[in-house]
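Novice: These are the residues of each chain, in order.
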Amino acid sequence: MEQGAHPHFDHLIDLTKGEINRSIFSDPAIYQQELKQIFARCWLFLGHETQLPEENDFFTAYMGEDPVIVTRHSGGQIGAFLNMCRHRGNRVCRADSGNQRMFTCPFHGWTFANNGNLKTVPGYKQVYHEKLDMESHGLVPVAQIDSYKGMIFATFDASAPSLEDYLGDMAWYLDMAVDRREGGIVFLPGTHKWRIKCNWKFPVDNFIGDSYHGPVSHGSAWESGFEGMPRRKKGYGYEGFQINAGNGHGFGARWAENEEQVYEMALPEFLAYEQDRFPETHARLGDLRGMHLSPMHASIFPNFSMLWQSGNMRVWHPRGVNETEGWSWCFVDKKADQDHRDMVRIHDLQRHGTSGTWEQDDVDNWVQSTLSSRGYVGRQFTQNLSMGMDHEIEDPTSIHPDMRGRVAGFQNEINQRQLYARWAHLMDGDAPVVQGATA
Amino acid sequence: MSRNIDIWFSITQFYSREARYLDDLEFDKWIGLMAPDLRYWMPIVSNRIGRGIGSELTERGHLAHFEDDFESMRNRVKRLATGRAWAETPPGRTNHMVSNVEVDGQEDGLTHVTSKFLIYRSHMETDQEVFSGTRKDVLRADEDTDWKIVDRTIILDHAVLTQKSLGIFF
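If you're matching them up, the sequences are chains A and B in order.
Take the first sequence: its position 111, counting from 1, is numbered 106 in my numbering, and each next residue is one higher.
Just add 3 to wherever you are in the second sequence, counting from 1, and you've got my numbering.
Source of the hints: derived by calculation from the structure; they are not laboratory data.
Have a look at the derived ranges for each label pair, beta carbon to beta carbon:
| id | chain 1 | residue 1 | chain 2 | residue 2 | range |
| --- | --- | --- | --- | --- | --- |
| 1 | A | R176 | B | D107 | 41 to 47 Å |
| 2 | B | D160 | A | A426 | 39 to 45 Å |
| 3 | B | P93 | A | E254 | 42 to 48 Å |
| 4 | B | N50 | A | D397 | 43 to 49 Å |
| 5 | B | S13 | A | L30 | 54 to 60 Å |
| 6 | A | P396 | B | S125 | 53 to 59 Å |
In the DSS-like style, the derived pairs of lysine-lysine whose C-alpha atoms are separated by at most 27 Å in a straight line are:
| id | chain 1 | residue 1 | chain 2 | residue 2 |
| --- | --- | --- | --- | --- |
| 7 | B | K139 | B | K119 |
| 8 | A | K188 | B | K119 |
| 9 | A | K192 | A | K31 |
| 10 | B | K32 | B | K139 |
| 11 | A | K144 | A | K330 |
| 12 | B | K139 | A | K188 |
Glycine included, C-beta positions come from ideal geometry on N, C-alpha and C.
Go ahead and model the full structure; you've got the sequences and the hints to work with.
Specialist: Structure, rendered in structure tokens:
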């Protein structure tokens, strides 16, 4: 296939064979189309409400390659705006976070309130002769912003479905991370940020359904004392499910028959906490979500990923077809005591994120996979996602009446297949409706 | 005066030896320079402006790049020796350069030292990484190795790491 020559994308994904064309990881034209059709259309994760505890708190983030400011206005409401002065496009906020009511552009001094309104323009009378329409030159707001139990998402597409519809069944499953205990979760202060020379889809693919790579990629971490997988040895790695929640979202979970097995699967350092919170979690979430499923890894389309027990959430910001910027946070139950918070934090940072003994080895795999998608010849060979194709479970409610979504065994590439199916569907779909855009 | 120079000289020699162990991949010898009550910590630096200036570093209890003790550092070293630590297989080629060594003071048998580092790393074919930053150490005199590192705070000059991971030691 010639680079940049495809008017349609679904032919790059062949779900009858479980094969995808590898140019989607290397073609610069496809990447530009992704910024438009994926990143300007989808609901993207910005951060957690606990990162904005006070009025006028803000942090900066990215939606695709577009920088945004996320603010808690003077009234307490949360908003998100392009971090771009409407005069010359300069970045109006140069901080990663802070507390400010106003953002002044360092170029010419246009000043915006944290609700996006343009407040002052130097020389408004003398040089603009009061003819500049202040109202239509505020910071560009996202089209829609909403949160799910404290998790803030936004989209630049005015025609996008609601966040609730976008997340669909994934929200119900997400409760297993964010709503296990009264009060939900908090994000600890501090964000790992780092650049990886890989296409952004490789880490998303890895987190959404790759339970297969663990023993090989992470053998060194496992062997040297950085345990990260549940410790139950019986049937290790093969008892559980990949669950596809639709819309390109999915996760992998081990399966516990009873309360005892829940504890057997707990990470050793969290066992006491797991036992302590089990009654509350079980009561809140019921049998399927509160006991049987022990979720491990997930991705929410397009670029949000998480590790449940490890207390880790992250976003993969695209930075060109060959580069990704990972942002990783640590989360804990709000009700968790200080000892448990400390344990989760240390577990998380020693295994996942910048110095993570698990993470480092993943990163190198994604870099090498990206490299091999660049050569002309390599690109002619498809990426194989056929694992377990004919072994999806026909009736997931036969496992448990509450089970939702499409389900397959723990070692199965169902989630990757659905990830790229969703990708192709959006790439072929209508363009986003960016409100107020004139270009 | 001469005593202070002796301490400074001993510490700069110690740092050079430490750097050589790391660059020569002699990680067992390197971990031998750490005290059993080691605290090895690298906070995250972020961009702040206005009233936020002065709070660029995450604090204890926040997320950090490294927050390790002797056991977890020893396990990191053990991991590198498995031959399957893919991020360091083949191992990166590094040069640790340590300078601007200042002895900040001594109390209760502990010596406080601030230094600057520049680390060049070349990996695989053409990967090149440069790490720069400040180390704040607490050292304890030791009969066998001259000094043991009791407490090391590493402040990188990077808000977004341009390096793919922190798979080396600082």
